[in-house]
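Residue-level listing of the chains:
Protein chains: 4
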Amino acid sequence: MYIYHTSIKLHDTDAAGLLFFANQFKLAHDAYETFFNALGFNLGKMIQSGTFVLPIVHADADFTAPLFVGDRVGIRIHLGKVGRSSFTLLYDILRETGETVGRVKTVHVAIDKQTREKIELPERLKMALMTGGESLPE
Amino acid sequence: MYIYHTSIKLHDTDAAGLLFFANQFKLAHDAYETFFNALGFNLGKMIQSGTFVLPIVHADADFTAPLFVGDRVGIRIHLGKVGRSSFTLLYDILRETGETVGRVKTVHVAIDKQTREKIELPERLKMALMTGGESLPE
Amino acid sequence: MYIYHTSIKLHDTDAAGLLFFANQFKLAHDAYETFFNALGFNLGKMIQSGTFVLPIVHADADFTAPLFVGDRVGIRIHLGKVGRSSFTLLYDILRETGETVGRVKTVHVAIDKQTREKIELPERLKMALMTGGESLPE
Amino acid sequence: MYIYHTSIKLHDTDAAGLLFFANQFKLAHDAYETFFNALGFNLGKMIQSGTFVLPIVHADADFTAPLFVGDRVGIRIHLGKVGRSSFTLLYDILRETGETVGRVKTVHVAIDKQTREKIELPERLKMALMTGGESLPE
Numbered sequence: 001m002y003i004y005h006t007s008i009k010l011h012d013t014d015a016a017g018l019l020f021f022a023n024q025f026k027l028a029h030d031a032y033e034t035f036f037n038a039l040g041f042n043l044g045k046m047i048q049s050g051t052f053v054l055p056i057v058h059a060d061a062d063f064t065a066p067l068f069v070g071d072r073v074g075i076r077i078h079l080g081k082v083g084r085s086s087f088t089l090l091y092d093i094l095r096e097t098g099e100t101v102g103r104v105k106t107v108h109v110a111i112d113k114q115t116r117e118k119i120e121l122p123e124r125l126k127m128a129l130m131t132g133g134e135s136l137p138e
Numbered sequence: 001m002y003i004y005h006t007s008i009k010l011h012d013t014d015a016a017g018l019l020f021f022a023n024q025f026k027l028a029h030d031a032y033e034t035f036f037n038a039l040g041f042n043l044g045k046m047i048q049s050g051t052f053v054l055p056i057v058h059a060d061a062d063f064t065a066p067l068f069v070g071d072r073v074g075i076r077i078h079l080g081k082v083g084r085s086s087f088t089l090l091y092d093i094l095r096e097t098g099e100t101v102g103r104v105k106t107v108h109v110a111i112d113k114q115t116r117e118k119i120e121l122p123e124r125l126k127m128a129l130m131t132g133g134e135s136l137p138e
Numbered sequence: 001m002y003i004y005h006t007s008i009k010l011h012d013t014d015a016a017g018l019l020f021f022a023n024q025f026k027l028a029h030d031a032y033e034t035f036f037n038a039l040g041f042n043l044g045k046m047i048q049s050g051t052f053v054l055p056i057v058h059a060d061a062d063f064t065a066p067l068f069v070g071d072r073v074g075i076r077i078h079l080g081k082v083g084r085s086s087f088t089l090l091y092d093i094l095r096e097t098g099e100t101v102g103r104v105k106t107v108h109v110a111i112d113k114q115t116r117e118k119i120e121l122p123e124r125l126k127m128a129l130m131t132g133g134e135s136l137p138e
Numbered sequence: 001m002y003i004y005h006t007s008i009k010l011h012d013t014d015a016a017g018l019l020f021f022a023n024q025f026k027l028a029h030d031a032y033e034t035f036f037n038a039l040g041f042n043l044g045k046m047i048q049s050g051t052f053v054l055p056i057v058h059a060d061a062d063f064t065a066p067l068f069v070g071d072r073v074g075i076r077i078h079l080g081k082v083g084r085s086s087f088t089l090l091y092d093i094l095r096e097t098g099e100t101v102g103r104v105k106t107v108h109v110a111i112d113k114q115t116r117e118k119i120e121l122p123e124r125l126k127m128a129l130m131t132g133g134e135s136l137p138e
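Residue numbers (my numbering), protein chains in the order written: chain A, 1 to 138; chain B, 1 to 138; chain C, 1 to 138; chain D, 1 to 138.
Read the hints as simulated data drawn from the structure, not as lab findings.
Careful: at least some of the hints might be erroneous.
PhoX-like mimics (lysine-lysine), calculated; alpha carbons at most 20 Å apart, straight line [as the list claims (entries may be wrong)]:
| hint | chain 1 | residue 1 | chain 2 | residue 2 |
| --- | --- | --- | --- | --- |
| 1 | C | LYS105 | D | LYS45 |
| 2 | D | LYS105 | D | LYS81 |
| 3 | C | LYS81 | C | LYS105 |
| 4 | A | LYS113 | A | LYS126 |
| 5 | A | LYS105 | A | LYS81 |
| 6 | A | LYS105 | B | LYS105 |
Start from the sequences, fold in the hints, and give me the full structure.
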């Protein structure tokens, strides 16, 4: 489990006055990048010099309470199902009061950067996902 | 059925070289706005002077093929399930060749703008959704 | 001169109800991509297989009238100063009535994709910029 | 002077591999929101229940060095010119090494929320801008 803290910025909202729905996915991805960085996987380095990438093949979200400019949120990440070449991340969007305001899921597949073919999840990544997350400070 | 035509812009992509996943939801919403405008429901006017709004309470997407800067796509909208206060829209993201590269679903709930309570789908909207979409030019 | 037509989408606006200022730069860039495509320079192809790129080293904008969700705008591009390795593009943001609602300027420098050093503006690009724009249909 | 710390996220970049230019303006605005919050002016509350707003009427930026996914930056805000109804903010984008990688300027005008007419800068805001910034912790 890992928690990423952030706040809703003006550009995250739209003229209806609240968080624009697609930006909840964007915020979950910010949490994922920070989480992976803490696990020792810097997305920037992976893109520049890594041998594999982890594109998202499925995403879904529920929106249960409105979020407004300046609202502080924590995004709590859990590891979901881990497959041969894929893994699922689950994100709870929480107010500081602990109230859940939304939920996101992303399914990632490991592919070889050159061939663009599916590969087995690299062992080092699998280990980091399955054990590392436990010992991370929030 | 309605088709919205657009192309992938540089800012829709990220350093991994392809469409950033959350922007597929954004593009689907662009299609929804254009579709609703064609049905006689201008989102801008609804926000400024309407009595109800249609927030998204659930969204999901599959990403089946990569999209790059300059790629032209059509977003084909179908009406899904229509409930008492909600409706579902289904979007197929297609290349000009007809190849499906992604899919999006959004579930909308009608709420009163003042009370923020669920309301029955306004009859005029329901009619437009159920019949209007049929007769629209692509 | 070239005109790009678009409309303000919900995600272009923010909770203050109007176009978020940074998105005026984004819309100008959309116009630039479409303009360059019309000149025979596809940004996607340039990034994937070209020998040079044209990063922006300076940008400025004025915001003279508010834009709301659904507003239709034309973005008129003019060529500004052309230097040894740089060129300037000027964008007028116009309502359908012809009213100017904003202005953007971007300064681009040609750099070699490998060395990241400034290069002389490729002749083919210079020609396209200086003559091609004239003969393009709006 | 106030410094806002953040890092470049994947969605801030584009397929050319670096920060998309318009997103430097977005990051500067994030810094502005955080700065104003520290001064006691919460943008969300101002939009919801304030009597005035502070739209940007001019913005410009220089881009002097590339920023990549995961790069950590500090955005240092200085107060520029203060006029009767307007004020200017200057932002330096710095790497952790202190290297300046970009610069942004935004000019804000105080307008009455109802009439949309220019008003004199509210005294409380002027005081906060001119003195408060000095004593804020970085």
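Now the hints, each set against the structure:
no. : hint                 : result
1   : LYS105/C to LYS45/D  : 33 Å, violated
2   : LYS105/D to LYS81/D  : 11 Å, holds
3   : LYS81/C to LYS105/C  : 11 Å, holds
4   : LYS113/A to LYS126/A : 18 Å, holds
5   : LYS105/A to LYS81/A  : 11 Å, holds
6   : LYS105/A to LYS105/B : 14 Å, holds
When the structure is compared with the earlier hints, a violation turns up for hint 1 alone.
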